[in-house]
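Using the sequences plus the hints, can you model the full thing?
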Amino acid sequence: MPIAPDPTEIFDRAVAEGERRLDQSLLELIATSFIAGFTIVFGIATLGIVDALVEPQFGGVAHIAGALTFAVGVVFLVVGRSELFNENFFDPAAKAVDQDDSWLLVPLLRLWIVTLVFNLVGGFLFTFVFAVDGVLPSGSAHALSRTAEEIVHRPVRGMFASAVIGGALVSLLSFLLQGINSVRSRITIAYIVGFLLALGPFDHVIVTAIHVFFGLLLDAPIEYGSLAETIVITVSGNFIGGIGLVTFTHIAQVVGVEA
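The UniProt record's numbering numbers the first residue of the sequence shown as 1 and each following residue consecutively.
Simulated from the structure, these hints should not be mistaken for laboratory data. A virtual CB, placed ideally from N, CA and C, is assigned to each residue, including glycine. One should not assume that every hint holds.
[As the list claims (entries may be wrong)] Each pair of labels, with its calculated beta carbon distance range:
#	residue 1	residue 2	range
1	G244	G158	16 to 22 Å
2	E229	V106	48 to 54 Å
3	V129	S25	24 to 30 Å
Next up, the structure:
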């Protein structure tokens, strides 16, 4: 059985991957981000479909079944090498810390802003397709609208705390992926993290914003201002959880080993 890499080796792998991501051309970065945005819509839409099919007979079990289905969308992302917003936290930040003469603030901001914007563009455009009358099975629109309403009606501090957890969870996925080598292991880790993210559910800005956008398109009583507020709150929480809790602590672990 292969031995898992130590923290220093994981960090070195992250630096190499972070350099690749920071060096992407603008066109490659836009395309990768756009693909990730519409790919995750498959998981969100199927979550709504499964919820609508299971809930009438099995009640709360529908939430678990939906989470199991949503996780497939995260597998698609990982295997397809496309990237959601805070998947780009750990690896590029590791590269920035490893760089001797610069914190790479401009490349990091470019990466994060472009990824966020085109994740949302890709996700929103594909949501329009799923929202066309007759695409989703009966009851799915109601399930998706109900989820959207639940999201926007939560207290701000509850949404923020959930986004901290979601940001930590997705950034932890990035860290764990650097510790494994096989495609099977990558699929397994991606599926587990996707399941936990949906089971909470814990907020990831792209997933949460697309949920709310589904509600807007499916005539839930939601305003565009609520969508904007949701994006701002979840981005803030994702940064705290992804950069603060996961990225910096794992980097500190490596620094401690080398000290």
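Hint by hint, here is what the structure shows:
no.	hint	verdict
1	G244 to G158: 16 to 22 Å	holds (19 Å)
2	E229 to V106: 48 to 54 Å	violated (28 Å)
3	V129 to S25: 24 to 30 Å	holds (28 Å)
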